[in-house]
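Engineer: In case you want the letters, here they are:
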Amino acid sequence: MKVKVISRSADDFTRERSNDLQLLSFLLPLSEFVLCSFELIKRVFRNYDPSIRSQEKAVEYVRALNAAKLEKIFARPFIGAMDGHVDAVSSMAKNPNHLKGIFSGSMDGDIRLWDISTRRTVCQFPGHQGAVRGLTVSTDGRLLVSCGTDCSVRLWNVPVATDMESGGSSANSAKPISVYIWKNAFWAVDHQWDGELFATAGAQVDIWSHNRSQPINTFEWGSDSVISVRFNPGEPNILATSASDRSITLYDLRMASPVRKIIMMTKTNSISWNPREPINFTAANEDGNCYSYDSRKLDEAKCVHRDHVSAVMDIDYSPTGREFVTGSYDRTVRIFQYNGGHSREIYHTKRMQRVFCVKFSCDASYVVSGSDDTNLRLWKARASEQLGVVLPRERKKHEYNEALKKRYKHLPEVKRIVRHRHLPKPIFKATSLMRVMADARKRKEERRKAHSAPGSIKTEPLRRRRIIKEIE
Amino acid sequence: MVFLLMIHYIVLQDVSDELDLKIKKYLRGEGANLEALKDKKLKGQLSVREELFSKSAKVAAKADKYYLQIKYLKISLWLVPSEGGYLEGEGIEKTWRIKQEAISKEVDILSSRKQFDIILPELGPYTLDFTSSGRYMAVGGRKGHIGIVDMMQLSIIREFQVRETVRDVAFLHNEMFFAAAQKKYPYIYNRDGTELHCLKEHGAVLRLQFLKNHFLLASINKFGQLHYQDVTTGSMAGNYRTGLGRTSVMQVNPFNGVIGLGHSGGTVTMWKPTSSAPLVKMLCHHGPLSALAFHSNGNLMATAGKDKKVKLWDLRKFEVLQTFPGHANTLDFSQKGLLACGTGSFVQVLGDLSGSHNYSRYMTHSMAKGYQIGKLTFRPYEDVLAIGHSMGFSSILIPGSGEPNFDSWVANPFETSKQRREKEVRSLLDKLPPETIMLDPSKIGTVKPTKREKPTQKERETEVDAAIEAVKDKKMKKKTKGRNKPGKMMKKKQEAIDKVKRPYLEQKLKEEEVSRKKQKISEEVTLPKSLERFARKAAS
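Those sequence lines, one after another, are chains P and B.
Those letters in the first sequence? Residues 1 to 472, by full-length UniProt numbering.
Those letters in the second sequence? Residues 1 to 540, by full-length UniProt numbering.
For reference, chain B alone in the conformation it holds in the complex (with noise of 0.2 Å):
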């Protein structure tokens, strides 16, 4: 009885500890620190403010709570959440040496008919995407073949013909409207297959991205120009040369919409539509960049290289977290945090499996020998992985790559029409400007920080002397005979010391000729009229 009872208290304090982590995510980061305001009124108000934050974190933190409970006490309440997928190896299996096959006949049969091979071997190598509820799927064939398939009833929608390559095809807001990159220009469709539009202004577009918070299609073209246009109102938003040359390497950071493109020279740029020039300029690998791919959270890239590479990196110091060994000519995250990589016939996946940032080998799958893969795409809300290739396309079983939780008013699978028809009025209303892509959406409604006053005379002096002061106390390398003279070292010093205040010096020049110039200015502007002619003239 006291074991029992005992279990049950350390099951308990899990739980708690649990929810404090659970408490800690929807908390959104650290409150304001109110101790340091001195304005009481202000404080008190902020402290309330505090409260309510801290209550509703609670309160959806609780959300989760059942699915805590049943965790633990094995309870089995068919009011919780469903449980996320996993898949562990027993003794010393691998978790990696397991087949598909292995693997479906363990899952039940429902799961195992989304493992699949459609081959179409004339009209491949094919491209997917998936609507942001995973429940439709586009598919292009490089000869003109596309198709939407619906991924719960595995029906196919519409399939058509356009009878000119097709480079890439991407879901809009909804499965209504999609978007094909074909051999002269994008165009859109319809779910029927009814050309709506065709964007000449674009190009010959090698890749397609949908923003779906900014309503904004992004292409890049063969010319390596980035455009953005307005879905809404048909306007162009952006369109930017990257003077980088041709790439199809394209993928939105679903954080905060910013574009990354890879670039031949081992570059990687990440644009918004609102500037000309790239936010980031970072160089990743030594040879072209075969694939690239963002992780939900903003944190994590991963990039591919043909330099025999593939590089997670850490996006708030953009720095190199791993490297492994391989090509990959393709790659993708999934939500939860996944890494697949694919290239010639081989799919490997990696996972974050001690949740510390730290990737390594999860699962792998070989397709037939020949099938050159092409695209790889974890499917949303959905332990599958959706494998685009030469020969047509094939999905695959990845337990635990997928969030187990939809929330009906984000993306709900299950949506009827009525529904799909209110989001998009919704999604319309709250459409983002373009303007809040930035690298850190996090500072939208937030306060300008204060610029940072001039330095004084004073502080500008005691600054220069203390630089003086650490070259002067620098010890000098001794030198061979003859260069080592007391007054060629001196001569040295000297000039190490000149070199530092230089700097300065400058700065103080430049401040000199524009305060200079705002007089001269001020002088012509306070002359009378009819004794301007008088003015000295400007030394020609």
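Excised from the complex, chain P in its bound form (with noise of 0.2 Å):
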């Protein structure tokens, strides 16, 4: 006979001491063999055969949609409002060389540095006289670039961070080292990514050099005045703006002329360069899409991000490059995905008003908004996102209710909480509003092409249907 009965003793299942880990679950990412070793000395065994555990397929949709509820419970985006300014906040800049600062400036002409993580100004810098128009800071965050209706381009010094750290108080005021009076009242401003240039915009687009007083450089095309200038951060001598006569414009600075334009049936308020594939360009536009464009091909859209029911003001890029965010004339901030037609997220508050300028913060963890309220408004980036410093088992368990969320965000259920925002009602209103019209050009032109002889009509695509035309 030859036997064998489980026979477990105590000393192996349990601890020695009382002071030894029962759990440790976040060794789990280390290599086999220690994590055995690890796990013998922690008392804790595992068996993963299914039969012992009943029903996991119910359990774990029952996590997914505890995941799902837990991440709507958690969404509390909005951190704090930066109060200061007197009038409307115009323009932002961020600092690519420092995390906390951010510049705003305001339609009475008050520019101001502030600190993201107190959320009180550090320094102000006065001198315009009308709005600030454009703002810009040059990659090595040493220098600031602002503009405005009163025709002239300000330079000013960064103040270095520990200057920032011990001047608390609003008081600090700096000086500009030099001021550029030009022609006309300028409507943006940006800086080179690599190099010290920079180009404005107004009636002309105009390139200016950090130490010369007048531009060195100056490209038209057409008459209307310029409304938003970018460089593009891969190819630094390519810039795109757009302007008030419905285009977008491409230039290379190593050429005499423009490069490309295309005119769409709305005016473009503002655009940004994805960061990381630096040949595409998204453009906020004033019918409430945003359009993304391959620069390269720019007869058709790649994608159109719908959402907003009013003008797009302004849209910024994600340093990851996989989001941006838009302000609108609606009164919301909205996050969209790169590649995605439609919001990841929109964010609202009852005192916020049209919203002019937004901007992803560096670390792509934050967004700040700057809106007609005269507040700039702090977002967090992923709103039910857990701030501070994160255990490693809080970790795995966020990265596990995602991977869970992921897994069954088809099913109706889950898609519904994951997907449901609140909205405000007249933005409720204005999109099913718009829904119905929509729906209604949608059936008359399907009438009209169901009584005109086949294929004398065709239905152009929306990523084409707003473009007019194509110039090279």
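Accuracy of the hints is not assured; some may be wrong.
[To be verified] In silico lysine-lysine, DSS-like type, Cα no more than 30 Å apart, as pairs:
(1) K41/B with K405/P
(2) K443/B with K57/P
(3) K57/P with K58/B
(4) K2/P with K43/B
(5) K212/B with K396/P
(6) K57/P with K317/B
(7) K40/B with K458/P
(8) K415/P with K423/B
(9) K2/P with K423/B
(10) K38/B with K297/P
(11) K510/B with K491/B
(12) K510/B with K405/P
(13) K58/B with K406/P
(14) K38/B with K458/P
(15) K297/P with K41/B
(16) K418/B with K69/P
(17) K409/P with K317/B
(18) K43/B with K406/P
(19) K57/P with K25/B
(20) K297/P with K40/B
(21) K57/P with K212/B
(22) K405/P with K317/B
(23) K415/P with K38/B
(24) K396/P with K58/B
(25) K406/P with K62/B
(26) K458/P with K336/B
(27) K212/B with K405/P
(28) K397/P with K99/B
[As the list claims (entries may be wrong)] Derived DEER-like restraints, expressed as beta-carbon distance ranges:
(29) L42/B with K396/P: 25 to 33 Å
(30) T364/B with K396/P: 46 to 54 Å
(31) R316/B with A440/P: 47 to 55 Å
(32) E463/B with S384/P: 49 to 57 Å
(33) D150/B with V389/P: 35 to 43 Å
No wet-lab data here; the hints were simulated from the structure.
From the three backbone atoms N, C-alpha and C, an ideal C-beta is built for every residue, glycine too.
Assemble the dimeric complex from its two separately framed chains, guided by the hints.
Structural biologist: Spelled out as structure tokens, the structure:
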């Protein structure tokens, strides 16, 4: 007779001392062998056999549902408002070299440097007479360039980080290094990513150098004023502008004239290049949509991002290039996937007015919006993200919840909870109205198509419909 | 040397074969067929997902790998999970002839202590229940004796007398609480024997079962009423009359949470808390049911009837797999699939020794003459069978019955109080709603298949034609003289054709009627108010 029965001596399965760890799930990423030995120390024994876990699929589904609900419960995106300006915030700039600082300019000519962590003004830059229309910081983070409707471009020294911390009072004010007065009002400014040039937009596009009092180059195509300008993050000599003649124009500094231009049905308010795929840019349009373009192929948008119900005023890409934030005239801020047709997130508060400028923070975890109500608002980029130091076990739990939500995202219950956002009433109404209008338009077109000769009416996809023509 | 290498090679081959088998187990079924997909984006996403699944299955299977290496290479690594028990006869020795005394001589002292007989002749017959980790046992004597025993320390935690009939005991989610079915009502006690609740709504309960994933306490009372009570909120999740009379045969299918009831008419019904009609009603025996048990993989059910038969059923096809002669008052499946049957003072354990659902005799055990076995329960994660009988309760060793490796986060026999508290919270967060109880739990989390569209007119016509053709071609039987006339034959054929046509015509009529009714309603609606009085009244 050969016989063996299960026999467990308590010594092998219980810890020796009371201060031995019982659960060390943060050790899980270690290699298998190390893990095995650790598991023996901590007296945790695993058996992954499905037969000892009954109804595991139902349990997982319930967990996914709970994860979706928890995400909703913890969704508190608003961190705080930065109050200080006395007029609407018209422009913002982030410092690529310093995470905590953000510059904002207002309609009354006030420029402020904010410390995001304390949400206080660190420094003021007085001097502009009219509205500050453009702000930009050089890539090394030393120089701030501002321009405004008073036809002046001002260069400022950015205070060093240590100064910022010591001088907590808002009385700190700086003087411009240089002031250049030019012929006409400016609408926007942007600094080259790699170099010492910056471009201003107004009646024409001017290219300036740090130490020249006059533009070194000027581009003009058409007679309408240019309202936004953005340098390409990958190729320092390429920039894109949009003008009030509804055009988007690409320039190459190495050439004497602009390269390409498309004319759309409505004006583009702002442009942002995707920092990870610098051939692509997204244009924030007056019709409430954003259009992602491949700069080599401008006859068709790569993606149309719809959801805003009014003009999109500003757009900024996350440094990861996977998301961008938009601020709109409909008093909301939305976050889109770079390839998503609809927004992932909508932020709004009762007191927030028309949003004129938005920025993604340089660590991709915050969003700052500046609006008509003179405030800057700080939001989390992921509404339910846990701030502060996250323990490894917490991180694992978050990852597990994310995976669960991803796995069950198509099931109606989970989908409904994950997708639901509370909308302000005017936006909810406007959205449904726009849906009705779109349906009516579609129906009409279908009928027209049905009653005309086959092939005589072609349906243009939305990606191409709003583009009038491309000029080279 | 070459020979050794060859052995090594064969061993490795074996290991990889077994690893493949394990991976298959952890994959939990086939992956999606990606070839049929046209959407490239979806295909890419799914293929990434499938790869992830196969990887995780491989990792899980590798956790067993150390075990395999030990088995074949005889390396004793102390890192590995423990191996299951076994009992093998040598030569012509039969396993079912081996006595418990012989086993106790061969095993270690710790294991031999697990064989015991507790004689309590006055308070008997006893019923038993284990916690899911197998550490604690609740015993209930018919005459009112209730006790909680720590099976690891072999010490009584608490025992008390309720001074009325106790018909059944059941642990709730952990050892802190248990329910006892007493003379008039079931009660919930905590571990110290303090009465916490009296569940009057249940009535005089005969059997209690706890569904630990759903936190539901299920009971069947004297009038054949099935109650489900949520123990977290105290609300009644379901209250159904079975309408099949008094029964004390009730068992939860651990695979899907469905409750099986065995009735005096020989039927087995299966219930869920969200439907008032049974999910399944199957005639299993020609006589009253006496016991019922479910295998933990959900495919196998064992029933015993008063018709002197024990039957094994395949729950996927609802068919009999095997029939054994003999009575059984109580049945239980172990974690590894052994089936224990108890009748009178005799216990028989059947085993699936070939691994192909072909049960045969594995072990037997006879108690002292006159003992009446009332309840058999395998202890989880141990090679132990507990027996509740008329003279007390006993425990015997059944090698190979328990799962050798427990999972600390599923059921931990060595749980500390802190771990228990944490687990209580976790399991409450993962509490399943009663709707998740269904016959096929793998359907949860899947998409409903699209409805089949109605067959078109043409399809229906071809179907009718085919049916008529089939009848026409049928050869008529030759009848006696006079009934075989061509006229009669024609008539008969015509009748057969009409019979085939009839269901189609009936369906058509029904549909027409439905559409006519719809039309009528719409007509009524379209009439303006001023003209309504002129509308033709429905024929009365």
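Engineer: Compare the structure with each hint and give your call.
Structural biologist: Results of checking the hints against the structure:
Among the hinted pairs, K41/B with K405/P is consistent with the structure: their alpha-carbon atoms are about 19 Å apart, no more than 30 Å. Proximity of K443/B to K57/P is assessed by CA-CA distance (about 9 Å); at most 30 Å being required, the pair is judged to hold. Restraint check: the Cα-Cα separation between K57/P and K58/B comes to about 19 Å, which is no more than 30 Å; the hinted pair holds. Among the hinted pairs, K2/P with K43/B is inconsistent with the structure: their alpha-carbon atoms are about 53 Å apart, more than 30 Å.
A C-alpha spacing of about 26 Å is found between K212/B and K396/P, which places the hinted pair at or below 30 Å, so the restraint holds. Restraint check for K57/P and K317/B: satisfied, since their Cα atoms lie roughly 22 Å apart, inside the 30 Å limit. Taken as a hint, the K40/B and K458/P pair is honoured in the structure, with Cα atoms around 26 Å apart against an allowance of 30 Å. For the hint pairing K415/P with K423/B, the CA-to-CA distance comes to about 29 Å; that is within 30 Å, so the pair holds.
About 38 Å separates the Cα atoms of K2/P and K423/B, which puts this hinted pair outside 30 Å; it is violated. With a CA separation close to 27 Å, the supplied pair K38/B and K297/P stays within the 30 Å bound. For a cut-off of 30 Å, the pair hint linking K510/B to K491/B stands: about 28 Å separates their Cα positions. Of the pairs offered as hints, the one joining K510/B and K405/P is violated, with about 46 Å between alpha carbons and a cut-off of 30 Å exceeded.
With a CA separation close to 22 Å, the supplied pair K58/B and K406/P stays within the 30 Å bound. With a CA separation close to 26 Å, the supplied pair K38/B and K458/P stays within the 30 Å bound. Restraint check for K297/P and K41/B: the C-alpha separation of about 22 Å stays at or below 30 Å, so the hint holds. Distance restraint check for K418/B and K69/P: the Cα-Cα separation of roughly 27 Å lies within the 30 Å cut-off, and the hinted pair is therefore satisfied.
At roughly 33 Å between alpha-carbon atoms, K409/P and K317/B are farther apart than 30 Å, so this suggested pair is violated. The straight-line distance between the Cα atoms of K43/B and K406/P is roughly 16 Å, inside the 30 Å bound, and the hint therefore holds. Simply put, K57/P and K25/B have alpha-carbon atoms about 15 Å apart, close enough for the 30 Å limit, and the pair holds. Using a Cα cut-off of 30 Å, the hinted pair K297/P and K40/B holds, with the two alpha carbons roughly 23 Å apart.
Taking the CA atoms of K57/P and K212/B, the gap is near 15 Å; set against the 30 Å cutoff, the hint holds. Distance check on the hinted pair: K405/P and K317/B sit about 35 Å apart at the alpha-carbon level, beyond 30 Å; violated. With a C-alpha separation of about 24 Å, the suggested pairing of K415/P with K38/B holds against the 30 Å cut-off. Proposed proximity of K396/P and K58/B is supported: the alpha carbons are some 21 Å apart, at most 30 Å.
As the CA atoms of K406/P and K62/B are separated by approximately 26 Å, the hinted pair is consistent with the 30 Å bound. Restraint check: the Cα-Cα separation between K458/P and K336/B comes to about 67 Å, which exceeds 30 Å; the hinted pair is violated. Annotation: proposed proximity of K212/B to K405/P holds, straight-line Cα distance about 25 Å (limit 30 Å). Using a Cα cut-off of 30 Å, the hinted pair K397/P and K99/B is violated, with the two alpha carbons roughly 51 Å apart.
For L42/B paired with K396/P, a C-beta distance near 29 Å keeps the hint of 25 to 33 Å intact. At roughly 50 Å, the beta-carbon separation of T364/B and K396/P lies within the given 46 to 54 Å, and the hint holds. Between R316/B and A440/P the Cβ separation comes to about 53 Å, which falls inside the hinted range of 47 to 55 Å. For E463/B and S384/P, the Cβ-Cβ distance of about 56 Å falls inside the hinted range of 49 to 57 Å, so the restraint holds.
Between D150/B and V389/P the Cβ separation comes to about 42 Å, which falls inside the hinted range of 35 to 43 Å.
Against the hints set out earlier in the document, violations occur for numbers 4, 9, 12, 17, 22, 26, 28.
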